[in-house]
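Number of protein chains: 2
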Amino acid sequence: MKRIMLIVLDGLGDRPNKELGGKTALQAAFRPNLNFLASNGTNGLMSPVSHGLKVGSDTSHLSLIGYDPREFYSGRGPFEAMGLGMDVRPGDVAFRANFGTRENGIITDRRAGRIRDGNSELCSSINMEIDGTRFFVKEGVEHRAALVIRGSGLSDKITDSDPHITGKPAQEIMALDRSAEHTAHVLNQFLERSREILDSSDVNRRREERGEPRGNELLIRGAGMAPVLPPFGEKYGMKGACVVGIPMISGICQLVGMDVIKHPGATGTVDTDYSGKIRTAVKALKDHDFVLVNIKATDIAGHDGDPILKRDVLEKTDRAFGPLRDILGDTVIAITGDHSTPCSIKEHSGDSVPITFVTDGIRKDGVRFYDEISALKGELRITSNDTMNYLLGLSDRAEKYGA
Amino acid sequence: MKRIMLIVLDGLGDRPNKELGGKTALQAAFRPNLNFLASNGTNGLMSPVSHGLKVGSDTSHLSLIGYDPREFYSGRGPFEAMGLGMDVRPGDVAFRANFGTRENGIITDRRAGRIRDGNSELCSSINMEIDGTRFFVKEGVEHRAALVIRGSGLSDKITDSDPHITGKPAQEIMALDRSAEHTAHVLNQFLERSREILDSSDVNRRREERGEPRGNELLIRGAGMAPVLPPFGEKYGMKGACVVGIPMISGICQLVGMDVIKHPGATGTVDTDYSGKIRTAVKALKDHDFVLVNIKATDIAGHDGDPILKRDVLEKTDRAFGPLRDILGDTVIAITGDHSTPCSIKEHSGDSVPITFVTDGIRKDGVRFYDEISALKGELRITSNDTMNYLLGLSDRAEKYGA
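In the order they appear, the protein sequences are chains A and B. If you count the first sequence from 1, position 225 lands on 225 in my numbering, and the numbers rise without skipping. If you count the second sequence from 1, position 332 lands on 332 in my numbering, and the numbers rise without skipping.
Rather than coming from a laboratory, the hints here were simulated on the basis of the structure. One or more of the hints may lead you astray.
Note: identical chains are not told apart, hence a pair may lie in one copy or across any two.
Derived BS3-like pairs: lysine-lysine, alpha-carbon spacing no greater than 27 Å straight-line [to be verified]:
{"id": "1", "residue 1": "LYS138", "residue 2": "LYS364"}
{"id": "2", "residue 1": "LYS138", "residue 2": "LYS400"}
{"id": "3", "residue 1": "LYS18", "residue 2": "LYS377"}
{"id": "4", "residue 1": "LYS138", "residue 2": "LYS286"}
{"id": "5", "residue 1": "LYS138", "residue 2": "LYS316"}
{"id": "6", "residue 1": "LYS364", "residue 2": "LYS23"}
{"id": "7", "residue 1": "LYS377", "residue 2": "LYS364"}
{"id": "8", "residue 1": "LYS239", "residue 2": "LYS262"}
{"id": "9", "residue 1": "LYS377", "residue 2": "LYS23"}
Let the hints inform the model, and build the full structure from the sequences given.
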């Protein structure tokens, strides 16, 4: 049995860029290591989750490690909360949240003037416990936050407090079925107490003095129950680890019981220590059967709409991949993306991403370059739901389906 | 956000034709516009509904516009009725029907000698209302007809009156569950009254005088409830229209709430005004986000088993496509078929059809010609259920699945 390394270059896929003479960032990059790996492997194009579908990193990573999001994904709440680095456990209910402005009982600004300063203070002021249910609030970008509630007998079958338009009061949380009545009840209590605390907070007093809208109402929406995912170790009989900078992805890995390995130079930006990350991952293979690596910088460059940066990030990534050439004897490596983030549109798209499976002894399909167009000559037209089947099969770990 | 045009060349796919030196009709056609569009797009092969499946135009079009027929298709009855231009509404129950011959209570001919003359008269004579349920009958080709019933509390959980063989009486309609008892009851009443009316009709008196079998029994089968389809506008947030000659397809478009746009030169035959249809569709893009076009003539040539005609139809179609070159800046165009109708077999087959997605800025996959064989070098191996995902993604209209 071989070990497995699944390398996800976040937002990898691209479209033609004028700045690069009509090439994608991958096509334009000097990438000898990626080309070496592609030349020695089986290649093709992979559609994250489903062909043509525009997906997020959460649904895509779930799918890549073999948890079909159409079965296991329970809405954005828990994943957004994980994305903020919050501890989310099976049975927790999580929400996306905004700080809004309430005046005389009416929501006058759903973003509290895009409040920035003091959010962390506001959030920690309303962490509390009511009748055995604990409430955790953490700040996100600008007015955004997340709420996680933990206790027994919770349900996500409830309505939002966010009225979704201004000029209305915050809505009372309603239970959508009887099993959710307790949850609605404690949430309404929590929101009531939060209002008192936020109204009298120093942060809001200072904002009022400066003539800025107060962040005195936590508007919550999109309740989702943290999914109960079968443990990775039991599902595959493998000890798994991840070397991942994004809290949302390491949150998913934690949920399935993988070890989350930090490496010192990780910044989650385009200046991250690419080589350190790969070295850490290779090292992790010594006491793990499966290591997931996510490199976020490609996605950042895509969202920035900067094809030169995306190319440069890919060149740095490629340089870091040198050590991968040396482990093909006892390791199956997959290199792919979790979705495309074309520089030309600056956001996720439904375009496919290239995928390479490589290990000694694999069928080579004659593809010589690692990019979206060269991959067309390869064997594969798959979805991310197929990835674990290939990895298990190529590492001699698959159980036979049938006799 | 871009606008979307989905062009369906009915029965497009073909197999090699001896008459064309072993080429498919598409390969043999002079098709500079189709080749231009393919050269600037992402290409491949699409299997209607499911790989290798032989499908009808109804199931395929439902799938193409994002209503998976495995969820929404409710049997041929409603779609055959729409195909005859009948008004079919959600909650209606529709049947395929034949005029048969009944003598002394026994069905002696299930097709009444393939009766042609007077069918329209026979049909209108048995349109009626019983206890608040209305019965609409309309003639089809030869002995064929369709029955639509409309009223409250109807069900399609009933048996056929058609005995499916001669030498037996027409069967009493039976309810398959209790909810269908009312439907069975009113249908048996309808059939009883129809028998009296048809027995004494002038059409049948004349047929008897000429020694021809009478069409005095409406044999009904294949009850289907018209599906309740989520409105297209709500599902996608787009205003949709169709420019379609075939009643069955415009019926589907009407069911989902699209505007049905007629154009003057439409004949639904091989002599139709191809350019007028495309010009009408381009014009419709001015006040619609999504326009579906169906060109039927390719299917007719396939059913006729005439590869020369199919090639000529494709050449005419190609000439009409000139204006499409000018709208690629703000429109995503897909060109495909709803199924193959190979000239060599004169009917629908499970063969795939080529598909091209094209718009400015899309990834080009290097395919230079629009045909079944050149498409092999393209990226896509999809089913028609994926089509809307690609169109929404490429037009920046997709909602992200996940965070």
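Structure-based check of all given hints:
{"no.": "1", "hint": "LYS138 - LYS364", "verdict": "neither (48 Å within a copy, 44 Å between copies)"}
{"no.": "2", "hint": "LYS138 - LYS400", "verdict": "between (45 Å within a copy, 24 Å between copies)"}
{"no.": "3", "hint": "LYS18 - LYS377", "verdict": "both (24 Å within a copy, 24 Å between copies)"}
{"no.": "4", "hint": "LYS138 - LYS286", "verdict": "neither (36 Å within a copy, 46 Å between copies)"}
{"no.": "5", "hint": "LYS138 - LYS316", "verdict": "neither (34 Å within a copy, 63 Å between copies)"}
{"no.": "6", "hint": "LYS364 - LYS23", "verdict": "both (25 Å within a copy, 10 Å between copies)"}
{"no.": "7", "hint": "LYS377 - LYS364", "verdict": "both (11 Å within a copy, 14 Å between copies)"}
{"no.": "8", "hint": "LYS239 - LYS262", "verdict": "within (17 Å within a copy, 49 Å between copies)"}
{"no.": "9", "hint": "LYS377 - LYS23", "verdict": "both (17 Å within a copy, 19 Å between copies)"}
Hint compliance for this structure: hints 1, 4, 5 are not met, and every other hint is.
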